[in-house]
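Asker: As a plain string of letters, each chain reads:
Number of protein chains: 2
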Amino acid sequence: MRQSQLFTKTRKEAPKDEVSVNAQLLIRAGFVDKLMAGTYSFLPLGLRVFKKIENIIRQEMEALGASEILMPTLQPKENWEVTGRWTQLDNLFRFASYYSKIDYALGATHEEIVVPLMKKFVFSYKDLPTATFQIQNKFRDEKRAKSGILRGREFFMKDLYSFHTNEKELDEYYEKAAKAYEKVFQRTGVGEQTYFTYASGGTFSKYSHEFQTVSEAGEDLIHICDKCRVAINEEIITDLENKCPQCGSTKLRKEKAVETGNIFKLMTKYSKPFELKFKDQEGSEKEVIMGCYGIGLNRLMGVAVELFHDERGIIWPASIAPFLVHLINLGQDEQAEKLYADLTAAGIEVLLDDREVSAGEKFADSDLIGIPYRVVVSKKSLEAGGVELKKRSEQANEIIAIKDLISLLKK
Amino acid sequence: MRQSQLFTKTRKEAPKDEVSVNAQLLIRAGFVDKLMAGTYSFLPLGLRVFKKIENIIRQEMEALGASEILMPTLQPKENWEVTGRWTQLDNLFRFASYYSKIDYALGATHEEIVVPLMKKFVFSYKDLPTATFQIQNKFRDEKRAKSGILRGREFFMKDLYSFHTNEKELDEYYEKAAKAYEKVFQRTGVGEQTYFTYASGGTFSKYSHEFQTVSEAGEDLIHICDKCRVAINEEIITDLENKCPQCGSTKLRKEKAVETGNIFKLMTKYSKPFELKFKDQEGSEKEVIMGCYGIGLNRLMGVAVELFHDERGIIWPASIAPFLVHLINLGQDEQAEKLYADLTAAGIEVLLDDREVSAGEKFADSDLIGIPYRVVVSKKSLEAGGVELKKRSEQANEIIAIKDLISLLKK
Numbered sequence: 000m001r002q003s004q005l006f007t008k009t010r011k012e013a014p015k016d017e018v019s020v021n022a023q024l025l026i027r028a029g030f031v032d033k034l035m036a037g038t039y040s041f042l043p044l045g046l047r048v049f050k051k052i053e054n055i056i057r058q059e060m061e062a063l064g065a066s067e068i069l070m071p072t073l074q075p076k077e078n079w080e081v082t083g084r085w086t087q088l089d090n091l092f093r094f095a096s097y098y099s100k101i102d103y104a105l106g107a108t109h110e111e112i113v114v115p116l117m118k119k120f121v122f123s124y125k126d127l128p129t130a131t132f133q134i135q136n137k138f139r140d141e142k143r144a145k146s147g148i149l150r151g152r153e154f155f156m157k158d159l160y161s162f163h164t165n166e167k168e169l170d171e172y173y174e175k176a177a178k179a180y181e182k183v184f185q186r187t188g189v190g191e192q193t194y195f196t197y198a199s200g201g202t203f204s205k206y207s208h209e210f211q212t213v214s215e216a217g218e219d220l221i222h223i224c225d226k227c228r229v230a231i232n233e234e235i236i237t238d239l240e241n242k243c244p245q246c247g248s249t250k251l252r253k254e255k256a257v258e259t260g261n262i263f264k265l266m267t268k269y270s271k272p273f274e275l276k277f278k279d280q281e282g283s284e285k286e287v288i289m290g291c292y293g294i295g296l297n298r299l300m301g302v303a304v305e306l307f308h309d310e311r312g313i314i315w316p317a318s319i320a321p322f323l324v325h326l327i328n329l330g331q332d333e334q335a336e337k338l339y340a341d342l343t344a345a346g347i348e349v350l351l352d353d354r355e356v357s358a359g360e361k362f363a364d365s366d367l368i369g370i371p372y373r374v375v376v377s378k379k380s381l382e383a384g385g386v387e388l389k390k391r392s393e394q395a396n397e398i399i400a401i402k403d404l405i406s407l408l409k410k
Numbered sequence: 000m001r002q003s004q005l006f007t008k009t010r011k012e013a014p015k016d017e018v019s020v021n022a023q024l025l026i027r028a029g030f031v032d033k034l035m036a037g038t039y040s041f042l043p044l045g046l047r048v049f050k051k052i053e054n055i056i057r058q059e060m061e062a063l064g065a066s067e068i069l070m071p072t073l074q075p076k077e078n079w080e081v082t083g084r085w086t087q088l089d090n091l092f093r094f095a096s097y098y099s100k101i102d103y104a105l106g107a108t109h110e111e112i113v114v115p116l117m118k119k120f121v122f123s124y125k126d127l128p129t130a131t132f133q134i135q136n137k138f139r140d141e142k143r144a145k146s147g148i149l150r151g152r153e154f155f156m157k158d159l160y161s162f163h164t165n166e167k168e169l170d171e172y173y174e175k176a177a178k179a180y181e182k183v184f185q186r187t188g189v190g191e192q193t194y195f196t197y198a199s200g201g202t203f204s205k206y207s208h209e210f211q212t213v214s215e216a217g218e219d220l221i222h223i224c225d226k227c228r229v230a231i232n233e234e235i236i237t238d239l240e241n242k243c244p245q246c247g248s249t250k251l252r253k254e255k256a257v258e259t260g261n262i263f264k265l266m267t268k269y270s271k272p273f274e275l276k277f278k279d280q281e282g283s284e285k286e287v288i289m290g291c292y293g294i295g296l297n298r299l300m301g302v303a304v305e306l307f308h309d310e311r312g313i314i315w316p317a318s319i320a321p322f323l324v325h326l327i328n329l330g331q332d333e334q335a336e337k338l339y340a341d342l343t344a345a346g347i348e349v350l351l352d353d354r355e356v357s358a359g360e361k362f363a364d365s366d367l368i369g370i371p372y373r374v375v376v377s378k379k380s381l382e383a384g385g386v387e388l389k390k391r392s393e394q395a396n397e398i399i400a401i402k403d404l405i406s407l408l409k410k
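Protein chains in written order, with numbering that gives the first Met the number 0: chain D, 0 to 410; chain E, 0 to 410.
Hint data in this document are derived by calculation from the structure and do not stem from the laboratory. These numbers were taken from a predicted model, which means no experiment stands behind them. Note that the Cβ used here is the ideal one computed from N, Cα and C, for glycine as well. This list has only true hints and no planted wrong ones.
Quick list of in silico lysine-lysine cross-link-like pairs, DSS-like style, CA-CA up to 30 Å: (1) D/K178 - D/K285; (2) D/K118 - E/K137; (3) D/K145 - E/K137; (4) D/K361 - E/K276; (5) E/K285 - D/K11.
Quick list of simulated restraints, FRET-style, between CB atoms: (6) D/A363 - E/A345: 46 to 54 Å; (7) D/E397 - E/Y97: 56 to 64 Å; (8) D/S392 - E/N54: 27 to 35 Å; (9) D/D332 - E/S283: 27 to 35 Å; (10) E/Q4 - D/L239: 35 to 43 Å; (11) E/D102 - D/K250: 48 to 56 Å; (12) D/K15 - E/Y98: 18 to 26 Å; (13) E/C246 - D/Q58: 51 to 59 Å; (14) E/I405 - D/K409: 28 to 36 Å; (15) E/N54 - D/A363: 29 to 37 Å; (16) E/S99 - D/D309: 28 to 36 Å; (17) D/K409 - E/Y98: 49 to 57 Å.
I would like the entire structure built from these sequences, with the hints used as guidance.
Answerer: And the structure:
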């Protein structure tokens, strides 16, 4: 993409009411725009990052054998009354149609929709296990929305739901889903900072599990057992007598963290009120056993910025960066255009800075935007034998012969 | 994909309250599910069709030089008050936050969001022209929602907005956008039935233009000039004295049609209230000239079903079909599995019917689902020298040697 064609520009200042580091940097670099508290637009650069995260998640969900669907945002009150959450869920947006006097909820989560949907297709043990997921914006009437894109009133989630004949089958799927989540966090670049975390379980199971990514921007507190590489949410640490539930160690490290994913054994919590049942091999009716599994896409994007930035800007992990290469043309149009064409033809994603602005402005914008590799084509670099290559995450740069650049970047 | 892994099943009957042909067939074949009037879930097969339509539209918008963004659904009242549409737009969903007493609108269209957004990036003639689009669900509080997925209370649109320094530049872009729209309709298979249609223009221009697809399911009436291959919306036919605005002919053919796209010259209608201005080459401030361009994705999907079906089910155009090939295994597991693997490896999208049901049920489901090519592997076909190939749109079938199948399908 040509930077001259990008309608966004970097900005010196983020909005004054924006206190979070993630949103400040993302707004200044032109990835997102703040419409109001808790509500952001994804701009071209931001949407590219978003789609990379989305594709990684989609691949891992498909590898789990789950099929993708897309359920409505506009949901009828009656479904939410079946579970009692019409009144119990504080942050559910509720409103009426002007014309038809239908009462609607805005999708905050989709158990109330996916369970009645499955009731139309699941009848027998032969129809199970099955799993389905969607990637979609959700809405919550949050009291406060001050963490940038980490806690929005509108935000994107992947929600996966699994359906089983018995608890053992659910347990096995749950393990597989946890592994898939670890892959998602590894692949998006935040794996090292992300911990499988024991949290309170609710009605049906002793614990639920979260994935918590250690960050100063986090609203949660976790206690990490470095030996087992797991954590315990502050909310249950007393119940666990300050011990790691895996090795029993009391050597725990307390950190702030962001909940980037969660997995729940729902058991029959939602299949019971909606009467989602199946006939087992003996022909008797049983309630379907369920699991649900969420990942916040905005959160993943926001936490990556919180983890990977410096005073000059963002430092994207390559797997979710908007482009792999930021090609900076300093007055060498012919060579820069040829290199842009060659890199693009080689399948490398390039942002070409072809704007008529100063070298200093180009470098500052490049550091702010945070693309992993910066390649400068200048009179000086050509005289030295090629282009100047610099990683955003490192200080050093080197001159690379143009003929060697593609194979080096492809590695 | 293996049909045994698809959680949806075909159904004998659609819901009793579903009167439209498109939704009846899409529900029976398992492409969509009706949550309530005007609100549908896309199920795995339906989402595949949806994504094919989405990708065709995206490619044509990118070819127009427009960059993709994603704006919020949740929108502040204040933006809608600037244009007066908070009270004027009948079908705008309006509601309040419980906590913050913020008043929200649900995105019915995005001029109120995209214009203030552009105000942050457009200052000079050098920043223009520019164009941006999104593909997103929109919400309208429709009085009636009885046309299946053709008129939903929640529905998906591609909305493109273009920004210009002068009217001539807008006119040129508008022409290019109209051409891109024609490509979208051709590529999705409904081009032959779709007409560039003159419609009422509103405040700033004599006409606006719609793309109307001739269908009995349509809520609009158009008058077609077959010579010019254009149409006139019933709403302005009297103003035009029943004449074609291009050739003056009165030989017009009246048809029911579905509005699948529309393009408007907005001029300064929205830039004025939001004071979206630019400095021209002489340094004087002027209002930005705008165009907007919409395509309904659900409508395209629904109208394709209305146009292409028979008494047995849907007949998808290949470009938007969920799969190219429906591979029906009649008891020949080894050959069917090998063929499934070979076709998939050749990049051909295949739905393998590996279910343990009767041949009759497989054939009936295949006709209902409407995948362009049906390939049957049976004892009989193998004895005759290969597999039985049949187009969904034709009655005839033929035996094809397995070694010739891939090259034939790749054509």
